[in-house]
Amino acid sequence: MREIVVNIEDVWKIFGPETEVERALEAVKTQGLGKAGVLQEFGCVVGVAGASFSVARGEIFCIMGLSGSGKSTLVRHVNRLIEPTAGRIEILGRDVGRMSAKDLREVRAKQIGMVFQHMALMPHRSVRDNVGYPLEIRGEPKSRRWAVSEHALSLVELRGFEDRLPKELSGGMQQRVGIARALASDPEILLMDEPFSALDPLIRRQLQNQFKALVDRLQKTTLFITHDLDEAIRLGNRIAIMKDGAIVQIGTPEEIVTRPADDYVREFVQDISKLKLVKAHSVMGPLDEAEGDLSAAPRAAGDSDLDRLIDLSVGSALPIVITDAQGQDIGLVSKARLLRGIQGGKD
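Residue numbering for the sequence shown follows the numbering used here, starting at 1 and increasing by one per position.
Since the hints were made in silico from the structure, they are not lab data. Warning: the hint list may mix true and false statements.
Straight-line alpha carbon distances no greater than 27 Å define the calculated BS3-like cross-link-like pairs of lysine-lysine that follow [what the hints assert, rightly or not]:
id: 1; residue 1: Lys274; residue 2: Lys243
id: 2; residue 1: Lys274; residue 2: Lys212
id: 3; residue 1: Lys243; residue 2: Lys35
id: 4; residue 1: Lys274; residue 2: Lys335
id: 5; residue 1: Lys212; residue 2: Lys110
id: 6; residue 1: Lys29; residue 2: Lys243
id: 7; residue 1: Lys212; residue 2: Lys276
id: 8; residue 1: Lys167; residue 2: Lys142
id: 9; residue 1: Lys276; residue 2: Lys335
id: 10; residue 1: Lys142; residue 2: Lys102
id: 11; residue 1: Lys110; residue 2: Lys142
id: 12; residue 1: Lys243; residue 2: Lys212
Note that the structure is a prediction, hence the values are computed from the model and not measured.
Sequences are here, hints too, so could you generate the full structure?
In structure tokens:
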């Protein structure tokens with residue numbers, strides 16, 4: 001079982017007058033009062049509503065939703081930039097809400113790195129000094145800061161740009177400097193708040209690929225905020241979709257696309273291509289669906305995507321036999337099942 005690094009349990013955040021917040025929370029829990037009702041009756045805004053999830057070591061956990069859904073508010077509870085109205089947040093088994101100011105500063109400095117859409121790099125400092133700034137705050141000597149900076153910059157493929165000023169770099173390069181700065185203190189957790197959303201599509205795609213490869217290699221536990229489902233699917237091991245402060249569904253990209261929890265999620269995923277996302281094991285039927293000899297039928301592994309199955313299906317009139325890791329036949333994908341898979345599991 002993988003180690004849990006971040007654990008969120010029934011977290012609520014209600015913004016408003018202090019005298020009204022507790023009454024509003026009680027009304028939500030006991031009367032089922034919605035976000036609009038809370039605003040009308042108590043003058044309070046529900047930012048997060050009963051959020052719960054865990055994130056394992058090395059996992060990229062994407063949190064997405066429309067503007068105002070509560071995704072950024074939720075993530076800012078992890079390092080206690082925002083205090084919850086109720087609930088519990090743990091990092092590596094430690095209750096963040098019970099930490100002293102000193103312990104919290106240490107956690108923020110050493111265990112959590114943050115990357116935002118706008119990196120706010122210091123314009124008068126070199127790239128090297130920007131990356132090493134978290135270590136400077138901790139009182140590390142210059143030799144240590146420079147060595148760590150150069151290593152972090154090499155991780156994001158910016159070796160040779162150490163002495164440049166931020167204004168001499170492109171937008172994508174500046175974002176990579178921000179990622180290097182977050183990595184400089186070797187944190188356990190990365191909090192990424194729409195870091196690539198302001199970039200051109202091609203640069204954005206390149207940074208997504210580089211970031212995913214980097215996180216996989218370093219095994220950094222990442223909470224990644226985005227409003228873009230394509231980005232969430234490309235990066236996330238799992239995705240949480242939020243609406244009005246509440247988490248509507250949590251699942252793998254394939255689960256979210258093929259089994260949306262409600263109409264809200266269904267609208268999100270309706271235009272997503274299934275070809276590279278949906279796997280054979282999700283659309284296959286039992287072996288006894290076919291009649292006759294299958295010895296000449298094409299075969300594919302259970303994790304083959306629909307794109308691969310289409311290639312096989314075009315070349316044969318027979319259904320595709322799906323095999324397990326040991327090469328044993330475990331199911332069939334007929335042409336009808338393949339077409340339904342492309343539609344997204346439509347009955």
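We went through each hint and held it up to the structure:
no. : hint               : result
1   : Lys274 with Lys243 : holds (24 Å)
2   : Lys274 with Lys212 : holds (21 Å)
3   : Lys243 with Lys35  : holds (10 Å)
4   : Lys274 with Lys335 : holds (16 Å)
5   : Lys212 with Lys110 : holds (22 Å)
6   : Lys29 with Lys243  : holds (17 Å)
7   : Lys212 with Lys276 : holds (17 Å)
8   : Lys167 with Lys142 : holds (23 Å)
9   : Lys276 with Lys335 : holds (17 Å)
10  : Lys142 with Lys102 : holds (24 Å)
11  : Lys110 with Lys142 : holds (18 Å)
12  : Lys243 with Lys212 : holds (26 Å)
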